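In case you want the letters, here they are:
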Amino acid sequence: MTLDPVVLFFTLGLVAGLARSELRLPSAIYEFLTVLLLLAIGLKGGVELSRQSLGTLAPQMLAVILMGLILPLIAFPLLRYVGRLKRPDAASIAAHYGSVSVGTYAVAVAYLASQGVTFEEYMPLFVVLLEMPAIVVGIVLARGITRGTRWAPLAHEVFLGKSIVLLTGGLLIGWAAGAEGIQPIKGLFFDLFKGVLALFLLEMGLITAGQVTGLRRYGLFLVVFAIAFPMLAAVMGAGLGWMLGLSVGGTAVLATLAASASYIAVPAAMRLAVPEADPSLSLAASLGVTFPFNIMVGIPLYLALARSLHSAGG
Amino acid sequence: MTLDPVVLFFTLGLVAGLARSELRLPSAIYEFLTVLLLLAIGLKGGVELSRQSLGTLAPQMLAVILMGLILPLIAFPLLRYVGRLKRPDAASIAAHYGSVSVGTYAVAVAYLASQGVTFEEYMPLFVVLLEMPAIVVGIVLARGITRGTRWAPLAHEVFLGKSIVLLTGGLLIGWAAGAEGIQPIKGLFFDLFKGVLALFLLEMGLITAGQVTGLRRYGLFLVVFAIAFPMLAAVMGAGLGWMLGLSVGGTAVLATLAASASYIAVPAAMRLAVPEADPSLSLAASLGVTFPFNIMVGIPLYLALARSLHSAGG
Amino acid sequence: MTLDPVVLFFTLGLVAGLARSELRLPSAIYEFLTVLLLLAIGLKGGVELSRQSLGTLAPQMLAVILMGLILPLIAFPLLRYVGRLKRPDAASIAAHYGSVSVGTYAVAVAYLASQGVTFEEYMPLFVVLLEMPAIVVGIVLARGITRGTRWAPLAHEVFLGKSIVLLTGGLLIGWAAGAEGIQPIKGLFFDLFKGVLALFLLEMGLITAGQVTGLRRYGLFLVVFAIAFPMLAAVMGAGLGWMLGLSVGGTAVLATLAASASYIAVPAAMRLAVPEADPSLSLAASLGVTFPFNIMVGIPLYLALARSLHSAGG
Amino acid sequence: MHTERRKLLTIVAEAALEQRMIKDVERLGAHGYTITAACGKGSRGVRNADWERNGNIRMEVVCDATTASAIAAHLKEHYYDNYAMILFIGDVEVLRPEKF
Amino acid sequence: MHTERRKLLTIVAEAALEQRMIKDVERLGAHGYTITAACGKGSRGVRNADWERNGNIRMEVVCDATTASAIAAHLKEHYYDNYAMILFIGDVEVLRPEKF
Amino acid sequence: MHTERRKLLTIVAEAALEQRMIKDVERLGAHGYTITAACGKGSRGVRNADWERNGNIRMEVVCDATTASAIAAHLKEHYYDNYAMILFIGDVEVLRPEKF
Ligand SMILES: Nc1ncnc2c1ncn2[C@@H]1O[C@H](COP(=O)(O)O)[C@@H](O)[C@H]1O
Ligand SMILES: Nc1ncnc2c1ncn2[C@@H]1O[C@H](COP(=O)(O)O)[C@@H](O)[C@H]1O
Ligand SMILES: Nc1ncnc2c1ncn2[C@@H]1O[C@H](COP(=O)(O)O)[C@@H](O)[C@H]1O
Ligand code: NA
Ligand code: NA
Ligand code: NA
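From first to last, the protein sequence lines are chains A, B, C, D, E and F.
Quick note: the first sequence uses my numbering, first residue 1, plus one each step.
Quick note: the second sequence uses my numbering, first residue 1, plus one each step.
Quick note: the third sequence uses my numbering, first residue 1, plus one each step.
Quick note: the fourth sequence uses my numbering, first residue 1, plus one each step.
Quick note: the fifth sequence uses my numbering, first residue 1, plus one each step.
Quick note: the sixth sequence uses my numbering, first residue 1, plus one each step.
To be clear, the hints were calculated from the coordinates, so they are not data collected in a lab.
Remember, it's a predicted structure, so these values are computed and weren't measured experimentally.
All C-beta atoms, glycine included, are put in the ideal place defined by N, C-alpha and C.
Don't take each hint at face value.
DSBU-like cross-link-like pairs, simulated, lysine-lysine; straight-line CA separation at most 35 Å [stated by the list, open to error]: (1) K76(E) with K162(B); (2) K162(A) with K162(C); (3) K99(E) with K86(B); (4) K41(D) with K99(E); (5) K186(B) with K186(C); (6) K99(F) with K23(D); (7) K23(D) with K99(D); (8) K162(B) with K186(A); (9) K23(F) with K99(D); (10) K23(D) with K99(E); (11) K99(F) with K86(C); (12) K23(E) with K99(F); (13) K86(B) with K76(E); (14) K23(E) with K162(B); (15) K99(D) with K76(F); (16) K186(A) with K86(A); (17) K162(C) with K162(B); (18) K41(F) with K86(C).
Chain B regions said to be covered by chain C (calculated; three or more residues, Cβ under 8 Å) [said to hold, decoys possible]: (19) 161-170; (20) 283-291.
Partner residues aside, some chain E positions facing chain D, computed with beta carbon under 7 Å [stated by the list, open to error]: (21) V12; (22) T36; (23) G40; (24) G42; (25) R44; (26) G45; (27) R47; (28) S69; (29) A70; (30) A73; (31) Y79; (32) F88; (33) I89.
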């Protein structure tokens with residue numbers, strides 16, 4: 001299983017970070033790279049979307065949202081009763097793993113491209129759909145429905161958070177402008193995509209290194225969960241993709257989305273809605289273990305899984 | 001009248017901003033995009049300049065400077081006596097509208113390109129020439145010539161301000177290096193131009209949203225002025241372009257320059273020379289109303305105007 | 001001797017800075033450009049490295065390291081006994097001139113390309129090798145071997161400093177991924193290289209302007225040294241390149257490396273290990289004089305030198 | 001030159017709280033505030049700004065003693081248990097007491 | 001350890017004034033200054049740095065009482081009417097009185 | 001609301017010292033620190049952040065008087081001769097004395 005070159009940049013960042021190198025990308029640059037990735041992914045998806053009929057998409061969209069609701073419901077009892085975590089911590093981590101990581105999605109796209117595997121390019125739509133539901137479930141798991149959560153500021157925080165605004169905005173612009181309308185801006189958003197992703201992963205490696213060092217404190221269970229649950233979720237995602245009649249590539253991407261854990265939208269939302277949950281716990285799991293596992297080991301596995309499913313299912 | 005895709009990014013920023021999204025580009029990135037735009041525009045103009053003879057340019061240059069002196073003299077009485085604004089405020093706003101907005105120029109260039117309309121590419125030279133004169137007029141209008149203004153620090157502020165230095169620098173480098181000399185750096189400055197403009201407009205949308213919310217305070221007159229005066233100025237600019245024998249595209253660009261209002265060089269200069277003028281007033285007008293009006297509605301109108309002028313004038 | 005367009009950006013920055021323009025690139029952007037340059041240079045070198053056998057490289061690598069050890073030993077007595085500088089200052093400056101400047105290397109590469117001269121593209125390897133040795137020599141010169149320097153934190157500072165980590169990382173990734181592996185990221189790292197270099201030089205010009213103004217304080221000797229020593233070093237570097245059987249281009253590059261003075265890695269290391277040395281002294285020399293001299297005058301000279309050496313040596 | 005005493009309330013807290021802290025101090029009677037980005041370390045570990053909203057903000061409020069303790073009490077009650085936050089109060093002289 | 005009393009003058013003002021404020025404080029006898037970028041809100045509304053020079057700067061000057069009030073008086077006279085600016089003065093102990 | 005007195009130690013120094021200063025203050029008993037980026041000017045000339053690590057950092061430590069003077073003494077001994085650095089100490093009230 002050969003590593004995609006972009007992943008080598010992650011390794012470089014990880015090694016440099018673990019060796020306590022002074023290397024750091026300024027936060028403004030990290031922000032810039034994130035904005036470029038989110039818009040590029042949204043735009044690509046939107047262009048493709050303009051070729052689809054809502055009729056074919058609607059059922060897929062519903063199924064995907066359903067998956068986003070179910071995943072945290074499976075994660076929670078594992079965390080609460082097997083892992084013996086406090087209720088708010090278990091609920092918060094469940095929300096992280098029910099939601100998605102755009103960075104992981106981007107690596108999956110790059111990997112499929114390097115493997116010459118095609119997929120349904122409107123999938124960024126699913127990324128958007130998957131961010132929200134798990135958050136709602138997580139909050140209800142932490143609070144119970146009875147105790148009134150102030151949903152308004154929360155919905156605002158999530159729906160108007162950077163990632164959803166830029167992904168949705170990109171989708172709409174791509175959809176409105178269409179393939180040739182996008183041409184003049186493809187120089188920045190598409191030709192540079194993999195390079196931008198490489199730099200982004202370099203910084204992610206440095207950030208991950210910071211999380212890894214914190215892992216020891218949280219014991220073995222969290223590490224095991226952060227590897228085992230994504231694989232379980234990937235199987236469900238792949239199964240769903242197959243049932244929805246997605247291509248091999250599409251199935252692999254949906255598996256990756258299921259396996260990925262959020263580290264942007266959900267942490268912010270949880271900090272607001274479930275402040276008693278320890279944010280470093282969920283970040284250590286999603287950033288320190290799951291993200292590196294997915295991009296270095298998981299994604300190739302999920303593609304293999306999708307392949308075997310399709311060859312089996314014929 | 002279809003919107004150029006780059007303008008959709010402005011709309012995205014505007015909507016996100018009005019919805020109070022947390023989305024923001026770091027100021028360092030906004031600076032970076034501005035530098036790229038200013039240099040790219042300057043370079044393009046410089047390359048073209050190296051193909052022109054001063055003889056043909058000199059009269060045009062003089063005419064354009066004259067326009068920069070006259071526009072604020074028309075705006076001032078309207079603001080002072082119709083709008084009943086305080087003298088310094090009227091003078092400051094007049095200076096803003098006599099000067100130019102590079103962002104608006106960039107959108108006009110992008111729009112003409114998407115419409116397949118060509119224009120005299122040395123026009124960035126006019127952008128430089130138009131920044132300064134209106135500032136001088138504005139200061140004299142505020143102070144009268146009698147009361148000594150300290151011009152030295154002011155000239156320094158304007159001539160050595162970011163926008164003039166980078167535009168002029170770009171012009172000179174483009175002029176010195178010529179078309180093939182520029183080749184090796186076109187990857188960054190030209191191939192990415194529209195993408196960079198799109199991101200810039202995204203941030204401009206967010207900034208504009210902040211201004212719009214402040215508009216209510218200043219009453220209807222300012223809003224009307226910020227739309228009516230640009231259209232009046234556009235007619236003068238188009239007329240001048242036509243008399244100077246510019247192409248349809250060139251006429252449209254000169255109309256756009258006349259219609260655009262500064263929001264970088266002039267605010268800084270006025271803060272220094274006419275501190276008693278309320279800066280939020282002029283920004284609300286030029287950023288909150290005129291900039292969005294020009295890029296979303298004005299520019300296509302000005303092109304139509306240029307076309308009819310030329311077909312009429314034969 | 002025509003200036004490469006990228007050098008015109010340096011001139012623009014220098015003039016703007018000397019005229020006290022407010023123009024500045026945000027430090028985050030300067031960081032970003034540096035990261036891009038270091039990675040791009042490393043990647044290019046790494047790709048080429050994957051085509052070389054260690055057998056042919058080993059002797060060259062040793063020779064280059066030796067040069068890095070000898071250069072400061074020549075510089076020190078000149079600074080200490082001719083220039084009458086304090087011991088720590090002389091040692092620190094010697095270290096700066098024994099080490100290398102990646103920015104100067106990048107300009108040399110751009111210049112050779114514009115002259116259509118090829119060179120051994122694995123040379124970034126030499127850049128890495130040349131950063132370290134002079135630092136060790138400089139510290140020993142300042143402290144003597146007797147007085148125990150705490151080398152551990154120092155080695156950490158240098159080996160894990162931004163420049164070595166990114167250059168080495170780039171070399172390894174380029175080496176591992178090879179020419180076609182790098183393809184997908186060439187859009188960012190290679191196609192934009194010269195544009196990024198141009199912006200970097202613009203900022204370097206502004207920084208240099210700040211140093212120049214400080215030069216007066218340090219008297220004539222420092223200025224003379226900062227021009228004469230690089231030329232002396234260039235002769236040695238060219239001679240070595242010729243003896244190692246490098247091409248004309250390679251000889252010119254090695255001469256440039258010898259002539260260049262560090263302004264990133266070494267200042268940081270010296271601040272840590274020889275704090276009593278005045279950092280503004282060495283920066284004024286390397287940034288205020290040597291850097292501009294090399295990129296505007298030196299590099300073409302060094303190429304001419306390499307040419308004559310090869311035509312003479314046949 | 002005539003000056004008057006006021007309190008300088010300084011709050012260092014995780015950046016995620018910025019909007020809510022602004023609402024709070026204004027509601028509790030502060031006439032203004034100044035914010036700078038910061039990083040640091042305390043009982044809740046290292047907080048640095050180099051990714052997302054993981055950094056701190058440092059907010060200063062010049063106000064009278066009553067407002068200062070009102071804000072301090074409010075922040076203590078609502079945020080101390082679950083958020084990274086400290087605050088401290090000093091004495092300062094101001095020129096235009098009516099402003100603060 | 002021996003220390004001496006000095007004044008800590010803190011000025012928060014719109015960034016456009018930076019160069020002029022630097023000139024002023026040096027001319028009025030300050031031996032140094034420290035500046036950090038800031039945003040905030042006051043009687044002239046919200047000021048944030050996310051575009052052009054629309055942010056604030058926060059300048060600190062450690063100096064003796066006379067210098068402090070000289071600077072304060074000068075700034076009040078020249079800038080208070082037309083610019084966003086506040087200042088406040090506190091007491092601090094320093095190690096090297098000769099420096100300040 | 002009950003408060004207690006503590007010292008606020010503010011250090012402005014060249015950014016290159018950041019890591020070492022952090023080690024020092026923690027070793028000398030500080031329970032935390034807050035750092036902001038700064039530029040400025042003093043006896044060692046202008047220091048601005050717009051290139052490499054040429055800027056300053058501004059570190060604040062809230063602690064008891066003994067810790068404050070211990071840190072001050074240590075910094076004075078180790079850095080004053082060769083590095084750009086100043087420090088000053090003020091009085092502040094804190095809510096949770098046990099934290100500082
Ligand atoms: N003793 C201290 N001195 C200065 N700043 C502190 C101190 N303790 C905590 N802080 C700051 O307050 C933030 C939150 O503190 P904590 O809630 O203790 O983690 C830290 O990240 C520091 O920036
Ligand atoms: N009461 C206050 N406390 C802290 N900072 C303030 C206060 N009032 C104003 N400021 C700061 O001073 C700047 C200018 O104030 P003003 O001139 O009142 O708009 C504001 O943007 C704030 O950053
Ligand atoms: N009198 C002062 N007031 C405020 N800050 C100062 C003062 N003197 C020095 N500084 C700050 O401390 C840093 C180092 O001072 P110095 O060691 O004197 O160069 C300077 O760069 C300033 O940021
Ligand atoms: Na998931
Ligand atoms: Na105009
Ligand atoms: Na050298």
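May I ask which of the numbered hints given earlier this structure violates, with the numbers listed in increasing order? 3, 9, 10, 11, 12, 15, 16, 20, 25, 26, 27, 29, 31
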